[in-house]
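S.K.: So the sequences go chain by chain: A and B.
Residues 108 to 372 (my numbering) are what the first sequence spells out, left to right.
Residues 26 to 137 (my numbering) are what the second sequence spells out, left to right.
Just to be clear, a hint being listed does not mean it is correct.
As the list claims (entries may be wrong) - Covered stretches of chain A, going by a simulated chain B footprint (3 or more residues, C-beta under 8 Å):
hint : stretch
1    : 152-165
2    : 187-193
3    : 203-215
4    : 293-302
5    : 305-312
6    : 349-356
Said to hold, decoys possible - Below, a sample of chain A positions facing chain B; criterion: calculated Cβ distance under 10 Å:
hint : residue
7    : G134
8    : A324
9    : S328
10   : L331
11   : W332
12   : L333
13   : P335
14   : Y338
15   : E344
16   : F361
17   : L363
18   : Y365
Bear in mind the hints are in silico, worked out from the structure with no lab data behind them.
Note that beta-carbon positions come from the ideal geometry of N, C-alpha and C, so glycine has one too.
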Amino acid sequence: MAESALVPDVSSVYEPSLFGTYSKKIGMWLFLLSDSLTFGALLYAYSYGRISTPNWPTPFHSQSIVNATIMTAFLLTSSLTMVLAVRASVDGNQKLQRLFLLATMACGVGFLILHAREWTSLIAEGLTLPGFPAAPGHKAAGEFVDVAKNVPQFPATFFGLTGMHMLHVTLGVIYLGVIALRRKFIPILLVCWLAAWLGTPASSPFHSGAHVLLLAAITISIILWLKPKLYDSADVEVAGLYWHFVDLVWMFIFPLVYLMSAKIL
Amino acid sequence: MDATQLAIEERVAEQHRHHKKALFFWVWGALLVMTAMEVYLTYQNMEPKRMLTILMGLSLIKAALIIGFFMHLRYEVSRMKWLTMCSVVGCLILMTIFFFPDAFRILHLGVR
């Protein structure tokens, strides 16, 4: 009997994909659709609050707008490097793929640092939430104290929306780190966790927020221990879909939250 | 991974090889230019409603570019394109129908 006759013809056993693509990609698209509704709800909540609240504050000075514009440029550039990483992985160029993935992560980290810096300065000026720990001995006296007191919907929706996006960017950077570096990324993540935890004061929301990195390190360790594998071009493409989605959401947050609330003198 | 999945993956990879790198740079440039336009328009003292319309219009164009070119939806089969986009747009329209009339009503009645 010919050897080929022993190999089952799986293409006749499995039905062709309804969407003409592989299952991992369809799974990611379905996740992104559900996630777009999460962000849709948050953006609607922000817009609803804005429409229904007279005297909605427009507190962002040009410095904040410049900061947010640079953050946008970081995200757009990261999308370019991400799509180039996907291209390199399809071409089978592992070295270039890793380089572009690391460049994407660098842009993501740049975005996070600028965002964290902005949050810290807004909190110091009095824009805060009841859930944020108060700094001992520090009494905020900036212009945002009145905003937080008179229009509490503003800090609630602002921190809710941008915080959710920041969490997505953080998880995106971690996801790309695992695809690019696999197990080698775990010690890097643990060092980042220690630096973020010990390097921020206890009154900062990032002090306890840094534990997201520890949780991610534990989860990654379990996943890589249970299913160690080399990531192929399909994995890079699926990770890229997630990253572009994070960029896409920011394209709505930036004009709605920052540009529409710019202080024009 | 089974043979069918491998075959599909190879077909998708083949599609990617046809994309010109220059196209991605053009899309990136267009996105940056539109962002700069948004920031410029912010400081033009426009009426908020008009500004919101323009900003949201530009954001939708940017979103379409990202989804179409960077997320490659443009190159997927039409069933995938229509099902994904129609479902998400349908849900967002439903949210609009439920939320906004109420917000405008509160504004009209006044907040106590």
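S.K.: For this structure, which hints from the list above don't hold up?
M.R.: Numbers 3, 4, 5, 7, 8, 9, 10, 11, 12, 13 and 14, in rising order.
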